[in-house]
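Visitor: Chains A and B, in that order, are what the protein sequence lines are. In terms of the numbering used here, the first sequence has 149 at position 149, counting the first letter as 1, and numbering is strictly consecutive. In terms of the numbering used here, the second sequence has 128 at position 128, counting the first letter as 1, and numbering is strictly consecutive.
Every clue listed holds true.
The list cannot tell twin chains apart, which means a pair is met if one copy fits it or any two copies do.
Taking lysine-lysine pairs in the DSS-like style, the calculated list, with each CA pair at most 27 Å apart, reads:
#1 K284 with K262
#2 K156 with K168
#3 K284 with K352
#4 K271 with K352
#5 K135 with K168
#6 K156 with K40
#7 K107 with K271
#8 K134 with K13
These are computed hints drawn from the structure, not numbers from a lab.
2 protein chains.
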Amino acid sequence: MISTSAVDAYIQKNSARFVEELKELCSFPSISNHGAEAVKPARDWLGERLGRFTDRVETLEAGGMPALYAEVPGAGRRKLLLYQHYDVQPVDPIELWDSKPFEPAEKDGRIIARGVADDKADVMARIHAVETLKKVGAIPVTLRFLIEGEEEIGSKTFEKIAHEHSSKLSADGCLWESGTSFDESGRPTLQFGCRGLVYLQLRVRFLNFDQHSGLASIYPSAAMYLIEALASLRDQDMNIRIEGFYDGVVPPTEADRRMMAKIDPEVEQRKQLVGFERLVRDPKPENVIEQLLFTPTCNIAGVTIGYQGPGSKTVLPAEVTAKLDFRLIPNQEPAHVLESLRKHLDSHGFEKVEIVWSDSEKPARSDPDSDVAKAMIECVRELHGEPILWPFMQATGPMHPVVADLGIPTVLPVGVGRPDNRVHAPNENIHAADYINAIRLMCRVWERFGA
Amino acid sequence: MISTSAVDAYIQKNSARFVEELKELCSFPSISNHGAEAVKPARDWLGERLGRFTDRVETLEAGGMPALYAEVPGAGRRKLLLYQHYDVQPVDPIELWDSKPFEPAEKDGRIIARGVADDKADVMARIHAVETLKKVGAIPVTLRFLIEGEEEIGSKTFEKIAHEHSSKLSADGCLWESGTSFDESGRPTLQFGCRGLVYLQLRVRFLNFDQHSGLASIYPSAAMYLIEALASLRDQDMNIRIEGFYDGVVPPTEADRRMMAKIDPEVEQRKQLVGFERLVRDPKPENVIEQLLFTPTCNIAGVTIGYQGPGSKTVLPAEVTAKLDFRLIPNQEPAHVLESLRKHLDSHGFEKVEIVWSDSEKPARSDPDSDVAKAMIECVRELHGEPILWPFMQATGPMHPVVADLGIPTVLPVGVGRPDNRVHAPNENIHAADYINAIRLMCRVWERFGA
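So that you can see chain A by itself, here it is in the shape it has in the complex (with noise of 0.2 Å):
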């Protein structure tokens, strides 16, 4: 066992260059929506860093994005398998960016960049994690990092990355990217799974171009009929109208009750910041934490209609499109809702309204009581104090195939992560200082779990 003191003091005195280093890793564009060369060089920045402790690094490659993989040998028995993507979401609208979102600034103590809190502080804090033990003493547990190059665009081949290398990623648990780790009072917390998805492109065709648009008097409006296809499916307050949507829904559990009435919903501190003059539904405040989790939802993630420039363009548009994505919860199907959803179309007379391309993942759940869990519990509350326990946290993960398919007791451990990281928006941020606490936090965990 090495004193947590030499721990904390080495990564004190290497605090600046840490940063530094998380900030170039911030620097790198990789957006995966924009393509395999646009990611590559992360992934080859982050090869050479592990190539640094271990022999043992590979890409991982299942048709997709590769994911890189690494193994770090320890001296105990145990493997812990460590989940973190590389990739990062596009940057639009840049316009509202403060900075350039590839450019890492510094502020007010905070590190603002694209992809700084969502996904790369996890990446390099287990980095910087696996540099310390080694310097100060020994890594204690066997670490297989996984760092995968398409978490933003729906993990395409994270399943089949999963069950092809099942062996490589075996593991007696496992520690996935931070959620939000920090609510709005500053309490850590932690979630043992995640909601599913299913994200589509819905796309309209009425006519061969677009037309002046006093001619809408007789050609018919694509726009109208996707606005009202879109009208057709939820009201304001996301109780959605596809039949068999719900399907498979699994209410909260008495523990997921009792774990959730612990938490604070924070409803003012969320209004000051987010601006919303009422909440979804308007729930009393102690039912607020189970709406966030237990209402799947059908968003209106993007839409493209006609004109969009300054003043004004008199067009009938051709052909109009939409992106929908849905947050499924334990034990609700992607599959399944997207066919609902194309039945729901075709029954309300929005059969011409084309689905071109999905892209989904599975709800998944872990035990709360498993060994990885407690260690992780153990060390938070050490270091940060008692923690927040999320049955499972409101966003996605590729979670399922780890969980339910390979059978590892998971753990969303406390990261960077906080209310106010604009994660997905503009002017992405962490603090610093956060960043140094996961450093340590990471050699506790692995120190507990391996001891």
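Please arrange chain B on chain A, whose structure you already have, making use of the hints.
Guide: Same frame as chain A, now just chain B:
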């Protein structure tokens, strides 16, 4: 009276140069939507051209884009007002153009450029007609050119210009810019008025910044709110649900019906060109023209929501917008329509939909039996065969101040317009031969009206 053959001979001899000069005018990117600087070079160039024939060239200003005015004195006592515009529509979607919009191309007898059909061919044909008659003989009527610079953005200050400079614009008749001049079968068409327009932008903003789409379980969706508001305005068959929208509508007269009965609806030709499966309301062929003219519209010209790039981005958009245009028929009042829309939104639970800005033009009708109309009908009959007469055109122009306030009988002449001109769309084009005929017709009508 100058001999028609001398006029035609001059035009024929100079036709290649005339086409080149039209292309030169079309090389100016005079998109009024892009502001005053964008339109000035085209106006200056036209001012210089008109200055070759008269020293009475000036700009008329009333706070918006200046209009170009030129009086060319004529031999006879009659005065003829010529209305055109030198501004053009934006070029989006630029990727669908086969050549650059402001580098005029020639292909298969066509000239391809933004604005060539709407309305630079009219402007230039009339200048070339002046040159022709001056060279061959004399100008038979006093011509008053009014070439405005903001027709494509709603002629915001045209009414003011018309009122403030009414003595300069007064005339015994007015030739408007040409509309669709030939139907699918090549028959010439004339119109005696136009529809009105209300164009506006809507906005909904519920959140301070875009959110991770998982939060759609509790945060309200501006997108869904706007979509429901839009869906409430009308149905797929252009039945508009805004109370008071149809106030003031005058049904077709018996004379209107007689004119419209002679118009071929060209349903099959339209279908082949435009590619629709069915027309709005599925009308009988004999009702298509009445529906085209006498059905006022509520058209979705543009919607801007969330992520529109390639692939996926899971975002709950904070702010969304839409652009709508309403085509109005005599005697709907734009101000009343706008007021009715606001009331509709407020009374249907959409009070948070903001009308950010709006522009409007009133509908206008003129007498098809006026002297200028008769002169035009006769000359078209001689040059192109029996014209098809439209009570008014389906499109909009700022005709109301001229027809109603200044009381000038007005006709939309035959010009270069054909159904496949792709006006307002990519690859806008005209037939070069139509351009030459437009010059010939103009010379004849001026002579006939001045006789």
